[in-house]
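Use the sequences and the hints to build the structure in full.
First to last, the protein sequences are chains A and B.
Take the first sequence: its letter number 93 is residue 93 in the working numbering, and every next letter is one higher.
Take the second sequence: its letter number 47 is residue 47 in the working numbering, and every next letter is one higher.
Rather than coming from a laboratory, the hints here were simulated on the basis of the structure.
C-beta: ideal position from N, C-alpha, C; glycine also.
Treat the hints with care, since some could be wrong.
[Claimed, not checked] Dumping the calculated SDA-like pairs for lysine to any residue here, alpha-carbon to alpha-carbon at most 20 angstroms:
{"no.": "1", "chain 1": "B", "residue 1": "Lys3", "chain 2": "A", "residue 2": "Met41"}
{"no.": "2", "chain 1": "A", "residue 1": "Lys9", "chain 2": "B", "residue 2": "Ser82"}
{"no.": "3", "chain 1": "B", "residue 1": "Lys3", "chain 2": "B", "residue 2": "Ala18"}
[What the hints assert, rightly or not] Over the 12 angstroms line for every Cβ pair with chain A, so calculated as not near, a few chain B residues:
{"no.": "4", "residue": "Gly33"}
{"no.": "5", "residue": "Ser87"}
{"no.": "6", "residue": "Arg104"}
[Claimed, not checked] Distance ranges between label pairs, derived from CB positions:
{"no.": "7", "chain 1": "B", "residue 1": "Pro9", "chain 2": "A", "residue 2": "Val88", "range": "18 to 28 angstroms"}
{"no.": "8", "chain 1": "B", "residue 1": "Ala81", "chain 2": "A", "residue 2": "Ser18", "range": "43 to 53 angstroms"}
{"no.": "9", "chain 1": "A", "residue 1": "Ser69", "chain 2": "B", "residue 2": "Met11", "range": "42 to 52 angstroms"}
{"no.": "10", "chain 1": "B", "residue 1": "Glu15", "chain 2": "A", "residue 2": "Gln17", "range": "39 to 49 angstroms"}
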Amino acid sequence: NAGVTQTPKFQVLKTGQSMTLQCAQDMNHEYMSWYRQDPGMGLRLIHYSVGAGITDQGEVPNGYNVSRSTTEDFPLRLLSAAPSQTSVYFCASSYNWGDGYTFGSGTRLTVV
Amino acid sequence: AQKITQTQPGMFVQEKEAVTLDCTYDTSDQSYGLFWYKQPSSGEMIFLIYQGSYDEQNATEGRYSLNFQKARKSANLVISASQLGDSAMYFCAMREGTNNNDMRFGAGTRLTVKP
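Set out below in structure tokens:
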């Protein structure tokens, strides 16, 4: 099993550019989430999903979109990058509610 | 409003001793789950232990145990026989309700194990 795969691992964007962070899992997990982690801080929830076709907003959704067309994939789209979106982004998944997350290795994004 | 509070920004423990990392939470739900994660300096996030709100016994996983005090809304992580490899950031997290994937994290505690 590959687990949770995030691509790219590093990205530099210019202000105003858009991009998609990819997240894929091969564990048939229903629950998937996106978090951002800023230096010295905990993880903040951006968007989450409880299954294909179902997504919801977390605590910091502004500037980000998600979709969940398949169980495996949960891409995160930055609509118009801003320096405030410079962060490390983590994708995570779990099989059900009582399971801990399996995390991807993260994407380090810098917006200049 | 902050739902998960970790009041210890940093903790030190001597190798082979036990250490308790504090976590308090706030929820009005009867059904919720509490989780602890470890983040070493390499940056990966590792799930350690889970406690359900209806679980009567404290959860244990190897050297990790969760001291769950429901009335006090606390879910402290106890690490026994600390090892140098335990040096990391530790995050407490909570999922409320059922069939709800909204998991929120605390700010974390940095644990340093001294030789």
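query = Which numbered hints does this structure break?
reply = 2, 3, 4 and 6
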